[in-house]
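Asks: Numbering follows numbering that gives the first Met the number 0, in which position 478 of the sequence shown is assigned residue number 477; successive positions increment by one, without gaps.
Hints are computed from structural coordinates only; laboratory data are not their basis.
Predicted, not measured: the structure shown is a model, and the values here were computed from it.
Any given hint could turn out to be false.
Calculated cross-link-like contacts (lysine to aspartate or glutamate; reagent style EDC-like; alpha-carbon spacing at most 20 Å) [to be verified]:
1. K122 with E180
2. K122 with D158
3. K35 with D23
4. K48 with D23
5. K122 with E95
6. K100 with D81
7. K122 with D96
8. K35 with D87
9. K361 with D320
10. K35 with E54
11. K48 with D81
12. K48 with E33
13. K35 with D96
14. K100 with E43
15. K100 with D23
16. K51 with D96
17. K51 with D40
18. K100 with D87
19. K51 with E33
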Amino acid sequence: MSGLAVMRFMAALLLAVSLPVLADAGAFQFVSGEVKIVRPDGREIAAVKGTKVLEGDTIVTGANGHAQLLMADEALISLRPDSTLRFDTYSYAGREDGSEKGILGLLKGGFRTLTGLIGRANKSNYLVRTPTATIGIRGTDHEPFYIPLTGWSGAPGADPGTYNRVNAGATVLQTEGGSIELGANQVGFAPPSSQAQPIRLDRAPDFMRASSTMRGQGERRGPGGGAGRGGPPPRGGPPPPLPPGGLPPGGLPPRSGDIPPFFEPMATGGSFGFSQAVASLTPAPYGTAAVGGDRSQNSSGLFIGSGAGVASPNDLEILLDPAGHMAIVADKDGFRYARSGAPIIHSSGATFMDGTTPVDVKWGIYGGGVIVDVMGPRAVDYFHFMNAPGTPVAVAATLSGTFNIMVGHTPTITDLGVGAPINLTGAIVLSGGNVTAYSISMTDDGFGRAWSASCPSCTGGVPLLQFVQNGLPLTGTGPGGVAVGNAHGVPVGPTGKGIISSYDLKTLTSAGVTGSFVVRR
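Assemble the whole structure, with the sequences as input and the hints as a guide.
Replies: This is how it looks when you write it as structure tokens:
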């Protein structure tokens, strides 16, 4: 999958989320710790999931406060602790006719955003302003920060000023003293004087590495782009993987063999290079869980990412080949991954028992394929995948246990090629439907390099929904030093006996690794 784009495909939610009405700027999708809204008239209200955000509102997070918002134009915003963000203007009337506008004022702290429809057609209509700089976009996943002269608790000792990290796409960082354009994996800095010239930094400051999670891959999105590597969220908002009311007993029935209408443009996609007959494939049953990742190329260079998702009505479709391998992934808003005739260079599978029910897990690696998303067509070097019957939502929401018995895994996809990992181990701990621990390690990725990482932010418990949709931030070690990345996963089996998971890690030396595995209790 492709970075953020990968996770674009993998961005199917375990729970349904409704878009706010167009008269509102957005609504809170997730709240943890102290988070409040300051209305333009000075009134303060505590934010909870579902609370509406209006133009003119200021969001303030406390020292332990985290918040994620879904905006009217389908943008996602994830706000860090001890941050202040004001919605100076946020207007979207359901069309891109020039009247749409989003101007955010970052007064302290930081956030990560996957931009939506505002600014897609009319780039100048979306801006992030700090007291000394302005950030414009070119359609992106980026993380702005502003550290005032008095400092910020999220970055003790860091130089004051405006920072901006680009995970995918491009941004412009501008002051009265000049401007610079930032591409994927670049960080810019503007000193606190408005007259100062912005500069590119050689490396990301330490405080950026504990990145607030946003859905997807690699950085963002799932087998396909994201819920791992970067790229805007799917149009229409995060898609509900299940129909209203959730799964009936035993899960949803198998698909009838119908091909949804939004696959039709694939055969005439031009540069998409579609060369695989849809008629030879079978739609995966609703509720099918999938993880994966890719190494791919575009004009910005090499992407490595991972993601996860669940096949869901009218939103996320997965087509399987006669062997049961995931061959095409598509959503109704334009994301596509197609094997497109690429050879399968590895395929395998395993079966474990969930009570009296055998759970079949299939995995493999394609040596190519094509992705098309908001960043355009992209050639895929390698695409790894793993799919299995998912766990009903009502069951997954209460799962507890330690999942550390390795059932199987894909080879690793790295910056150097495909390797055979040695002593690959993974452990995932759930408590009441929350992820409380995640770790992955290997003594050799097939190229003599060791990797090890865990999720420090999981100790307080991360909702399973976030594990699927956004992924978990990983920190650890890799070749040459510090490694950072993401992990995604979905419970599988009727009672959630197992979990399939994908991961991605990169170092500052541009070494990278991604793969999938399945563990059980």
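Asks: None of the hints should be skipped; say for each whether it holds.
Replies: Here is how each hint holds up against the structure:
1. K122 with E180: Measuring from Cα to Cα gives roughly 14 Å; hence the hint holds.
2. K122 with D158: violated, 30 Å
3. K35 with D23: holds, 17 Å
4. K48 with D23: holds, 15 Å
5. K122 with E95: holds, 11 Å
6. K100 with D81: Violated, because 26 Å separates the two Cα atoms, which is more than 20 Å.
7. K122 with D96: holds, 12 Å
8. K35 with D87: holds, 17 Å
9. K361 with D320: holds, 12 Å
10. K35 with E54: holds, 15 Å
11. K48 with D81: Given that 20 Å is the threshold and the Cα spacing comes to 19 Å, the pair holds.
12. K48 with E33: Given that 20 Å is the threshold and the Cα spacing comes to 12 Å, the pair holds.
13. K35 with D96: violated, 33 Å
14. K100 with E43: violated, 25 Å
15. K100 with D23: holds, 13 Å
16. K51 with D96: violated, 24 Å
17. K51 with D40: Holds, at roughly 16 Å.
18. K100 with D87: Holds: K100 and D87 sit about 10 Å apart, inside 20 Å.
19. K51 with E33: holds, 17 Å
Hints 2, 6, 13, 14 and 16 from the earlier list are contradicted by this structure; the remaining hints agree with it.
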